[in-house]
Each structure stands twice: as C-alpha cells, then as structure tokens.
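Respectively, the protein sequence lines represent chains A and B.
Numbering-wise, the working numbering puts 582 at position 541 of the first sequence, and it's gapless, one number per residue.
Numbering-wise, the working numbering puts 1005 at position 49 of the second sequence, and it's gapless, one number per residue.
Quick caveat, the hints were computed from the structure, so don't treat them as lab data.
Check the hints yourself; a few may be wrong.
Below, in silico cross-link-like pairs of lysine-lysine (PhoX-like), each with a Cα-Cα straight-line distance of 25 Å or less [claimed, not checked]:
id, chain 1, residue 1, chain 2, residue 2
1, A, 380, A, 463
2, A, 303, A, 380
3, B, 969, A, 596
4, B, 1108, A, 596
5, B, 969, B, 1066
6, A, 549, A, 596
7, B, 1108, B, 1134
8, A, 136, A, 380
9, B, 1020, A, 303
10, B, 969, B, 1020
11, B, 1066, B, 1103
12, B, 1020, A, 596
Covered by chain B, according to a simulated footprint, are these stretches of chain A (three or more residues, beta-carbon under 8 Å) [claimed, not checked]:
id, region
13, 218-224
14, 283-291
15, 372-378
16, 434-443
Note that the coordinates shown come from a computational prediction; the quantities given were computed from them, not determined experimentally.
Beta carbons: idealized from backbone N, C-alpha and C, even for Gly.
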Amino acid sequence: MANSAEFRTCPDTGLLFHKPAETLMKLNAVAGIVFLLIGGVLGLLMGLTRWPEVHLLSANSFYMLLTAHGVGVLIFWIIFFEIAVLYFTSSTLLKSRLATPRWAYLGFVLMVAGSIMTMVAIFQGRSSVMMTSYVPMSAEAHFYLGLILFAVGALIGCFVFLGTLVIARAERTYGEGSIPLVTFGALTACIIAIFTVASGAIILIPTFLWKVGYISYIDPLMYRIVWWGMGHSSQQINVSAHIAVWYAVMGVVFGARPLSEKVSRTAFLLYILFLQLASAHHILVDPGIGSEWKIFNTSYAMYLAVLASMIHGLTVPGSMEAAQRKRGFNKGLFEWLRKAPWGNPTFAGVFLSILIFGFLGGISGVVMGTEQINLIIHNTLYVPGHFHATVVGGTTLAFMALTYWLVPVLFRREVILPSLAKFQPYLFGIGTIGLSLFMMGAGTLGVPRRHWDIAFSGALFNHQYPETAYFLLGLAGLSAILAVIGGGLFILQIVGSVLFGRRRGETKSAIPLIAQPVGPGFQGIGIGGISVPGTLVLALVFLTAFVLYYFVNWKYLSQTWGLS
Amino acid sequence: MSLSPPAERLWWKEPIEGVELFWVAIALVWAIVMFLMMPYWHVYGNQNLSSEAYRTTPERYTRKVQAMVDQYTIRQETERNIPVVRPPAGSDVYLLARLWEWYPVLELEKNQTYRLHLSSADWQHGFSLQPENINLQVIPGYEMVLKITPNKSGAFSVVCNEYCGLGHHLMIGKIYVK
C-alpha cells in the first residue's frame, strides 16, 4: 500500500483520490477540453461554409480547417478525456494507487507533443489531407509523426490503467469480488484502444517512412483497410467509454444498480469480441472486396455488437427506472422519468446522450453499414450526420455531463452560473440533433461530404442539387451555431469554475454529490410484474423506429439503377 | 451500484430480470433479420456490387480508356472538348477519375446493361452518380468492374465525393442515358 499521505478522500462522495492520479486526470481533462474548444470553433466555421448562402471560408482554408476539425475533436479531444476516464475508473473507483505515475506523465507529455506537432503541420497548410490522409495523397512528415507520438502516449495510458487494475487486485483495495461495472466498461474501452493504437501504428509508421523516402509504395486499398482499424475503432473506444459513463452517472445521480450485472457485462464483452469488425463499414464500396467478407464484418459477425448496444439502451435507463421506482416514483408508466432531475446537467446531458446516440446515431449507423444500402450513402453528407450524432451527441455530451460532476468532486470548486448549467445540455443537444438530422437529410439527397461548393461554380459541367438540399444545409448551419453556443457555454462554465468557482473546502456540503445506493431486488415496483415497464415501452418505440427506417432505406435502394 | 463492485460476489449466478431476457430475445431476432437481409438481397435484389476487380496501373488503365474514346466518340462538349462516348449496349465502358475530371462523358441506353470499369490515374476519388445517389470508391491501382443497368433516362452528373485536393469541388462529369 502506498503512503496514505498521497491520498485524499472526497468529503462529499467518499471517493479516494490518489494524488498523482488526480493530477493526471485534471491534466488530461484540461488538454481534452482545449481541443474541444479548438474543434468547436472550427466546427462553427465548417457549418458556416457549408451553408451555401454564407459560404464563409475560401476553399483552401476550408479543407485545411476541416482536417484540423476532424483530427482535433475525433482524436485529440476524445482520447485525452478518455485517458482521464481510465485513471478515474481504475485508481479512484478501485481505491488504489495509480501504477507507475511517471510513465503516465511521460504518456501525457507524448500526447501533448504529438497533438501539437500534428496541429502545427495542419496549420502550416501543406497537410490538408483530412483526418483519413488517404494515400497516395500525402501530408508533411510531422503530420504522421505527431499522430504516432500521440498514439504511443495513449498506449502508455492504457497500460498504466491495466497496471492499476493489477495493483488494486494484488493489494485487495476493493475487496475480494469483481471490479465495478463502470470499470469493466472502461476496461472494454482500454482493450479496444490497444487494438486501435496497434492498427494506427501498423499503418502510420509505414506511411511516415514512405513520406520520408524509405518505402516506395503504400497500397491505397490496404491503407484504407488498416487505417480504418484505427479510424473506426477509435470511435468504438468512445462507445465503450461513454456507455461506462452512462452507467456511472446513473449510479451517481440515482444510486442505480444495473438490472443485472451479468447482462450488462456480457454486453460489454460482446463489444470486445465484435465491435472492431465495423471498420468494414468504410470498405463496402471499395473494389475487389468479397461480399462474404463485407457481410460478416459490416454486421459485427451477426449484429452482435448492435445487440450489445440495444442491451445497454435498455439496461441504462432501466437501472434508472428501477432506482427511481424504489425511491417512491412508482406511479404509472413514466412518473420515474417526469420526476427526474431535469435541471441537473449531469443527468440531463446523459439522458440526451442516450437518446441521441440511440435514435439518431445508432439507427443511422446500422442502416448505412448495411452492405447494399451503403451504396446510396457512402461519402455523402449523411456520414458526418451520423457520426455527429454518435460522437458529439453521444460521447461529447456524456463527457460534458460527467465533467459537471467532476468540477466539485475532482477540482473541489462550485460550478459558476448554475442557472446557465441547467439549460446548457439542452442547447448543445438540440443543436447537435439538428446538425445531425439536417446533414443526414442533405446526404440522402446526394450532397457530398468534405466538399467546398455544391454549386460547382467555375466547373466544366454543372449539377443542380434540389432546393431542399440547400435549405437543409442552411438549417444545418443554424444548428451548428446553436450547438457551438451550447459548447461554448460549457467551456466557459468549466474553465470559469475551475479557475474562479468558490472553493468547496474539505467539509461535506449540504447538497449530496452522490446518491445513496438503492437496495437490491425488484419487489414492489413496476406494473403487472414488469419491473421497468416505462423503459420497455421506450425500447419498443426505438425498435419500431429502427425497423421502419431500415426498410425505408431498402425501398430507396430498390429504385436506383440496377447494379451487379 | 455501478460504481462499486457487485453486491453479490457470485453475480453470474443471479437470475436475469424478465424484461431484460425479453428484450435480448427481440434484439437478437432483429439482429438475425438484418443479417439475413444482405444475402437475401444478393439473391433477390437488383443492387449489388460485384467483387470483380483487377490490379492495374494509371498508364495501363488510361490506355484502355483512350482506346474506347478513340473508337466510340460521337461528339465533344465544353470548351475543353471533352469527348462524349457512346459504346454499344452490353459492352465494356471505361471511366477514368483524375485531378480534377471524370473522363470521358458516357452516353448509355436506358434498360441496357453495361460493364462499367472505374479507376483513378492519381489519388483516390469518389464516384457519386447524381441524382441517383449511387456512390463508389475509386482507387488508383485497382480497376473495379460492375454491371450497371440505367433504369431512367436523362442527364446524370458524376460528382467526386472523396476529397482529392484543392480542385475537388470542380471535379464533375456526366453520364447521359437516352
């Protein structure tokens, strides 16, 4: 056991913080939020450029800043924050010292150095290759080198997490049983992260060597297949991590326990086994790939990872419903939901995250990942529409929600402007919903992604997209403004609170920061023997939407030119 | 709760809640339905990709395109005199993607089937047929072949929807269906 002087007990939550772990969590979270700020501002510029009536940036700047936007938020913001989540779920939740803090600092330094190096390369203007940097188009050598350094740093973070699990187990810091469900979810994210970083290394190191002249040729199709082992899997880290956050927040706000440990953990296990296969989503209309390969991989073997997500989609709100019903909100189908703390940004953010990730991100992702349906969606604006729902509405919103809780717990400060915090998640959530839906709509009408001018002025030929597409792009621009205002308010509040919020001191405050755990069992709650009927109704509504939308897209597909 | 170790040490022996079991069963059925839809469409649907493709080089592929252009050009369009090519129904037609154009313009017959070849002379490009919204990845070094059967007549645009550098948004071609 480490020196007890290195630990701090949070008076409000009883959580035990190992001081080096605490510092590292703060550093990683702050670095993440810096990139969220950069990425958000760039996102606004993207929205305002793709809004045809505004068309803000020049083509050069648009492609350069789009590259920076993608890399900045899809890789840097998310992974910095996830490293903080890994340290929290291992060291803090297991009441253990963090393994090898010096290595963890080294990892952080590498991540900072790498992310700055890549951003500098992009802003120098000769690396406008998009996040995907498809060969044979090439970026500057330090664009790749920065990503490689960042990945090595993140990999060190993953192993520090694993080492901490080993220490906690050996020192019996959390008793004799299994690790908490939230830590189990984080472990899933960590395993996927290691796979992701390995794929990234396998493709980016040769690409770097190609750029500096040691390798003569990188096969562009092979590049795509291996690169997406990193590009798509990095987003699967997010899925596992933000679902772990969903469970965590339900525990914090309601004292909720999972409906059953077995089902929730099995669902995470399915992620470990099958989620990675989805890199195939990006290869469905590539030359020479066999249909059997596509069908097996694009469907995560047999939609087994989708099955897992649908399970979490039931069990996370289900755990909340059960907890609420046990606390007395047991009337009717939805009293538990009506009486939820809608003004608490930690809860509101997570609930919106579940809705947006499930209804928009989840359904659209499965539909467009269907082998044949991908033909009418690949590389249209539908694709960013989809992943803004998953990564912005799902992951980012969940991380924001958790951050509201971390400000008093980790930083020991009060959140400034609490009345603003009440509606910030809604502003950000509604903006993101609009952004995703309108981009998907425009994509359905054929509008391409990563495209500066769909009016083709100055081109040899012309193509007139429907008026509706222009209208939808305008609405997407407006939604981007809304989402960026919401995101800006978040950053203002968090930075303001961490710097200027009233110190909480080391005494327990009157308002509890963590709910008392509810007891086990489902006696006396629910309707007619069903313990969580409200969640079941919501789940069935979700399924109906899913089935209808799925077959509508087959109908669209059936009307196009014959292809074989 | 979710933040602490399971209350029951032998959590894997606890019974599963009925609602969960019911939902898992429904979700699994739906997963199987979605899985089977893809092979079903290969048998009964009309929109499937072949996996026919060949390794090629920009030079070799460009020669094939030019041979078709030399044989079947019927007129030229735009100030750059882009050839409009009308190959016989059922034949092999070639489309070349390069910075920043689709070469040549094709003229096809409605309800006839053609073997469309696609490749790139330089970077990756995206074949996006509008307003049909059929989208394919075009990769240098690979010649993709698929049978296409236009079921509507009109002037279709081929937009590039894979970012290919500064002139990406100027890269647009045409396919006419008579």
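Results for each hint:
1. With a C-alpha separation of about 16 Å, the suggested pair residue 380 of chain A and residue 463 of chain A falls inside the 25 Å cut-off, and the hint holds.
2. For the hint pairing residue 303 of chain A with residue 380 of chain A, the CA-to-CA distance comes to about 29 Å; that exceeds 25 Å, so the pair is violated.
3. The hinted pair formed by residue 969 of chain B and residue 596 of chain A fails the criterion: a straight-line CA distance of about 45 Å is larger than 25 Å.
4. For the given pair, residue 1108 of chain B sits about 17 Å from residue 596 of chain A by alpha-carbon distance, which is consistent with the 25 Å threshold.
5. About 64 Å separates the Cα atoms of residue 969 of chain B and residue 1066 of chain B, which puts this hinted pair outside 25 Å; it is violated.
6. Restraint check for residue 549 of chain A and residue 596 of chain A: not satisfied, since their Cα atoms lie roughly 59 Å apart, outside the 25 Å limit.
7. The suggested pairing of residue 1108 of chain B with residue 1134 of chain B holds, with an alpha-carbon distance near 9 Å, which does not exceed 25 Å.
8. A distance of roughly 33 Å separates the Cα atoms of residue 136 of chain A and residue 380 of chain A; the hinted pair therefore is violated under the 25 Å criterion.
9. The suggested pairing of residue 1020 of chain B with residue 303 of chain A is violated, with an alpha-carbon distance near 60 Å, which exceeds 25 Å.
10. With a CA separation close to 66 Å, the supplied pair residue 969 of chain B and residue 1020 of chain B exceeds the 25 Å bound.
11. For the given pair, residue 1066 of chain B sits about 13 Å from residue 1103 of chain B by alpha-carbon distance, which is consistent with the 25 Å threshold.
12. A hinted pair counts as satisfied when its Cα atoms are at most 25 Å apart, and residue 1020 of chain B with residue 596 of chain A does not qualify at roughly 36 Å.
13. Figure legend: the region 218-224 of chain A, annotated as covered by chain B; annotation consistent (6 residues with Cβ-Cβ distances under 8 Å, at least 3 required).
14. Counting residues of the region 283-291 of chain A whose C-beta lies closer than 8 Å to any C-beta of chain B gives 3; at least three are required, and the coverage claim holds.
15. Under a criterion of three residues with beta carbons nearer than 8 Å to beta carbons of chain B, the stated coverage of the region 372-378 of chain A fails, only 0 such residues being counted.
16. Remark: the region 434-443 of chain A is not confirmed as covered by chain B, as 0 of its residues place a Cβ nearer than 8 Å to a Cβ of that chain, below the required three.
Going down the numbered hints, you'll see the structure goes against 2, 3, 5, 6, 8, 9, 10, 12, 15 and 16, while the others check out.
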